[in-house]
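Undergrad: Using the hints, position chains B and C against chain A.
Chains as they are written, first to last, in my numbering: chain A, 1 to 292; chain B, 1 to 237; chain C, 1 to 339.
Note that these hints are calculated values from the structure, not bench results.
Where hints are given, some of them may not hold.
Said to hold, decoys possible - Listing some non-contacts, in silico: residues in chain C with all C-beta distances to chain A over 10 Å:
hint: 1; residue: Phe43
hint: 2; residue: Thr69
hint: 3; residue: Ala132
hint: 4; residue: Phe136
hint: 5; residue: Glu152
hint: 6; residue: Gln159
hint: 7; residue: Phe170
hint: 8; residue: Met220
hint: 9; residue: Ser303
hint: 10; residue: Pro319
hint: 11; residue: Leu333
What the hints assert, rightly or not - Computed cross-link-like contacts, DSBU-like style, restricted to lysine-lysine with a CA-CA straight-line distance of at most 30 Å:
hint: 12; chain 1: B; residue 1: Lys181; chain 2: B; residue 2: Lys110
hint: 13; chain 1: B; residue 1: Lys65; chain 2: B; residue 2: Lys181
hint: 14; chain 1: C; residue 1: Lys200; chain 2: A; residue 2: Lys88
hint: 15; chain 1: B; residue 1: Lys177; chain 2: B; residue 2: Lys187
hint: 16; chain 1: A; residue 1: Lys88; chain 2: B; residue 2: Lys187
hint: 17; chain 1: B; residue 1: Lys177; chain 2: B; residue 2: Lys222
hint: 18; chain 1: B; residue 1: Lys70; chain 2: B; residue 2: Lys232
hint: 19; chain 1: B; residue 1: Lys127; chain 2: A; residue 2: Lys84
hint: 20; chain 1: B; residue 1: Lys110; chain 2: B; residue 2: Lys187
hint: 21; chain 1: B; residue 1: Lys110; chain 2: B; residue 2: Lys70
hint: 22; chain 1: B; residue 1: Lys222; chain 2: B; residue 2: Lys187
hint: 23; chain 1: B; residue 1: Lys127; chain 2: B; residue 2: Lys110
hint: 24; chain 1: C; residue 1: Lys45; chain 2: C; residue 2: Lys165
hint: 25; chain 1: A; residue 1: Lys84; chain 2: B; residue 2: Lys65
hint: 26; chain 1: A; residue 1: Lys118; chain 2: C; residue 2: Lys300
All of these numbers come straight from a predicted model, not from anything done at the bench.
All residues carry an ideal CB built from backbone N, CA and C; glycine is no exception.
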Amino acid sequence: MELFTNQVLAGIATGAIYACMALAVVMIFQAIDHLNFAQGEMAMFSTFISWQLMQWGIPYWWAFLITLIISFAGGILIERLLFKPLAKAPILTNVAGFIALFAIVNSVAGLIWDFTIKQYPTPFGSSPFLGSQLISTHQAGMIGVTVLLLIALYLFFQFTRIGLAMRAAASLPESARLVGINTSWMIALGWGMASAIGAIAGILIAPVVFLEPNMMGGVLIYGFAAAVLGGLSSPLGAVVGGFLVGVFENLAGTYIPGVGNELKLPIALALIITVLVVKPAGLLGRPIVKRV
Amino acid sequence: MTAMLNIKDLRAYYGQVQALHGLSFSLNEGSLTTLLGANGAGKTTTLRAICNMVRSTGAIEFEGKSLSGKSTENVVRLGIAHVPQGRGTFTTMTVEENLQLGAITRSDSKNIAGDIERMYGHFPVLKERHTQQAGTLSGGEQQMLAVARALMLRPRLMLLDEPSFGLAPLIVRDLFKILGKINREDKVTILVVEQNAQLALELADQAYVIETGRIVMSGDAKDIATNEDVRKSYLGY
Amino acid sequence: MSAAAEDVVTEAPAVEAVPKRAMTLGLGTSLVVLAALVLAPLFVKNFIIFQMTMLLIYGLAVLALNILTGGSGQFSLGQSAFYAVGAYTSAILMEHFGMNYALTLPIAGIICFGFGFVFGQPALRLSGVYLALATFALAVAMPQLLKLNFFEHWTGGVQGLVVTKPDAPFGLSMSQDMWLYYFTLVIAIGIYIASVNLLKSRSGRAFMAIRDNEIAASAMGVDVALYKTLAFGVSAGITGVAGGLGAIAVQFVAPDSYTITLAISLFLGMVVGGVGWLPGSIVGSAFIIFVPNMAEHISKGLSGAVFGVLLFLVIFLVPHGARQVAIVAQQMLGKLTKR
Chain A
1 MELFTNQVLA GIATGAIYAC MALAVVMIFQ AIDHLNFAQG EMAMFSTFIS
51 WQLMQWGIPY WWAFLITLII SFAGGILIER LLFKPLAKAP ILTNVAGFIA
101 LFAIVNSVAG LIWDFTIKQY PTPFGSSPFL GSQLISTHQA GMIGVTVLLL
151 IALYLFFQFT RIGLAMRAAA SLPESARLVG INTSWMIALG WGMASAIGAI
201 AGILIAPVVF LEPNMMGGVL IYGFAAAVLG GLSSPLGAVV GGFLVGVFEN
251 LAGTYIPGVG NELKLPIALA LIITVLVVKP AGLLGRPIVK RV
Chain B
1 MTAMLNIKDL RAYYGQVQAL HGLSFSLNEG SLTTLLGANG AGKTTTLRAI
51 CNMVRSTGAI EFEGKSLSGK STENVVRLGI AHVPQGRGTF TTMTVEENLQ
101 LGAITRSDSK NIAGDIERMY GHFPVLKERH TQQAGTLSGG EQQMLAVARA
151 LMLRPRLMLL DEPSFGLAPL IVRDLFKILG KINREDKVTI LVVEQNAQLA
201 LELADQAYVI ETGRIVMSGD AKDIATNEDV RKSYLGY
Chain C
1 MSAAAEDVVT EAPAVEAVPK RAMTLGLGTS LVVLAALVLA PLFVKNFIIF
51 QMTMLLIYGL AVLALNILTG GSGQFSLGQS AFYAVGAYTS AILMEHFGMN
101 YALTLPIAGI ICFGFGFVFG QPALRLSGVY LALATFALAV AMPQLLKLNF
151 FEHWTGGVQG LVVTKPDAPF GLSMSQDMWL YYFTLVIAIG IYIASVNLLK
201 SRSGRAFMAI RDNEIAASAM GVDVALYKTL AFGVSAGITG VAGGLGAIAV
251 QFVAPDSYTI TLAISLFLGM VVGGVGWLPG SIVGSAFIIF VPNMAEHISK
301 GLSGAVFGVL LFLVIFLVPH GARQVAIVAQ QMLGKLTKR
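Next comes chain A alone, as it looks inside the complex (with noise of 0.2 Å):
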């Protein structure tokens, strides 16, 4: 019983990277109606940018606050540049484009501060946490923003009137633009926040995974699979599906034989799938309804 106990705390503390990494793919979902696949890198490029401005000397906390801004804006500025001109184009060829912008983001960032692994700050900590050896006080600390950022999200969205507008664009862009929302700006704004989140979600994880320009491509898949599991339309459901998706693979990891740490994404994304085929709209998302 208490190997269990130890997993579950252990899975969740894992789980809160994915949990964190999950909002910022449900945010764009919501805005985009895609998955992108380079948010992980470039929540790893924001993540680079807050190193360096602490190389310079700037105090952890200021260049976290600088990078969440330069994050915000630079994920507008991809919209606006990049995948606007896009928005007409077939599905498959935006799919494309964020192939594109994830081989050009890694690339450059590995020019810039080069392959190596790099230690990364962490303001919490990592002694143990209450005591126990399974979660650091880092961890700790993630779990709680992660909870934090659900928490404004919620916020932001049901109490504030552009949360509406960018909700409403998001549900149905042609009422959306009657009612006078510009969901092409609803767009650029979900891209610059959900880079945001993302900056977050890196900052957070790189005192965990070590920081260098692959660090992102793991976490990335079971940010997705946490999304999906939870529902896509749920910030909610993406922090539970993280949670959820770390727990299991510990699970997996240690009581089903044979397994290891090999096949636990496989296993990981085995029951996703299982889930989907049983409950396409994710755990908590809504169904989709089909008009003919």
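TA: Same frame as chain A, now just chains B and C:
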């Protein structure tokens, strides 16, 4: 009396297909005008062209300003509310959120709450259901919500696309009464596209008849209603 | 009045419709391409012949994806998994059972057809991003599965298997590379013709009906479930043959040759060639084989960025891929001949 909306030689296209062939008409301020025509005559396309939701050429002027090249949202921001066919309800949001969305471009946020109450006055059933998801409303209720949402803009001109579609006759009568009241009391100019010609002609003071993308008849609603051809083609007696 | 929102009425579908007659090249163009493919190896070095063989092999794999996506509207980021299964089938049959390389290919195709058909079952319930994720998962899982200790006796584990390259038969005086090239060319042409005919057939019409409107297709009596799984099966089968050929050409199979990167490459090949346009497969294949090399050549450190920029240029300038170029070229040619 000057015309509020002036349309000259409007031609609209869906891809290669031309749907409007040089349509011209105008609306007087404060009027309630109906645009009649059979299926596929171009009624909906006319409304969509005004809001620039379909590719078109020609001149559209609203209160002296040209609407050419303006995006849909900017046309709306000039005070033109469009209730689309199928109502365009934000089904996953609550009734109240739908109403707030109608007023999303207004800067006088203080008055919005008051306006929502006014809408509940016009349509009491919306008040009963104000926390409900709009998708759970009946067709008639959703149509009322669509009209209320459009009014939340405090529009100068309201365009309605077949508000009677799919509704029970009694509900349609109620809805049209309210439209008349809004037109008189709130001084909103209304252009309503209808297939239910009889009811529309009772309500309206001006009428246009459109056939295959052209205006073929225009005049006072009363005169049109008594016209022999119209009676045969659209009123069925 | 310029329209701000021209296409509001028609939502862009995931896959744009390609009319059937637009799926192939004209007879004249086909003969020119064919002649070039037959004659070119006589004048170039062995390494280039090898690259041309790979061009055909990836072309087949892209063609397979085109049948799936362009034909039935489904979407796969997991083609590398089918490719891997085909490659391993050929390699194991040749090395463990001493089977003739040519005979292993139909077996690889059949096994992959079955695998794809079975995988198509759960995929039936998924669409769009969900299907993308599911196929993606398959691609991610495949190298891990191939590394499992359980299969190590057959697969050679992480080390992989070395495959012997066949000599030209009947005492033909031809290098191994050149023989393999012509062997591949014959298979590729055969599969291409079969695919064109498949899409023109009754089944092809059913595929396209599903792609354009699934609900309407089922209302017309098309067995949507059967045809969607069949499309997966056919696509996987062709990919499997390509994988088998790939194993023979590269003389080596290992789990890490068949990662998600390969699946993404094949997907890009399809987009660049023009979704649903079968002749574009070879153009897409050329893109994924030569452009990364070119990018490397332009700047070593930034090869990824150069590749990305080139890809962006392609999708900005010709969002419908090589098909768009072909249509424009045809129109210009038409104007010239009229004069």
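Undergrad: Does each hint hold? Answer for all of them.
TA: These are the hints, each one checked on the structure:
1. Phe43: Since the minimum Cβ distance to chain A is about 34 Å, Phe43 of chain C lies beyond 10 Å and the statement holds.
2. Thr69: Check fails; 7 Å does not lie beyond 10 Å.
3. Ala132: violated (7 Å)
4. Phe136: Violated, because the least Cβ-Cβ distance between Phe136 of chain C and chain A comes to about 8 Å, which does not exceed 10 Å.
5. Glu152: With a cut-off of 10 Å, Glu152 of chain C remains clear of chain A, as the shortest Cβ separation is near 13 Å.
6. Gln159: holds (16 Å)
7. Phe170: holds (44 Å)
8. Met220: holds (13 Å)
9. Ser303: violated (7 Å)
10. Pro319: Contrary to the label, Pro319 of chain C does not stay out of reach of chain A, its closest Cβ about 4 Å off (not over 10 Å).
11. Leu333: Answer for Leu333 of chain C: holds, closest chain A Cβ roughly 26 Å.
12. B:Lys181 / B:Lys110: Status holds; Cα separation ~25 Å.
13. B:Lys65 / B:Lys181: Holds, at about 28 Å.
14. C:Lys200 / A:Lys88: holds (29 Å)
15. B:Lys177 / B:Lys187: holds (15 Å)
16. A:Lys88 / B:Lys187: Distance ~40 Å between Lys88 of chain A and Lys187 of chain B Cα, so the pair is violated.
17. B:Lys177 / B:Lys222: holds (17 Å)
18. B:Lys70 / B:Lys232: violated (40 Å)
19. B:Lys127 / A:Lys84: violated (40 Å)
20. B:Lys110 / B:Lys187: Holds - the C-alpha atoms of Lys187 of chain B and Lys110 of chain B are around 21 Å apart, at most 30 Å.
21. B:Lys110 / B:Lys70: Status holds; Cα separation ~28 Å.
22. B:Lys222 / B:Lys187: Given that 30 Å is the threshold and the Cα spacing comes to 21 Å, the pair holds.
23. B:Lys127 / B:Lys110: holds (20 Å)
24. C:Lys45 / C:Lys165: holds (18 Å)
25. A:Lys84 / B:Lys65: holds (29 Å)
26. A:Lys118 / C:Lys300: holds (23 Å)
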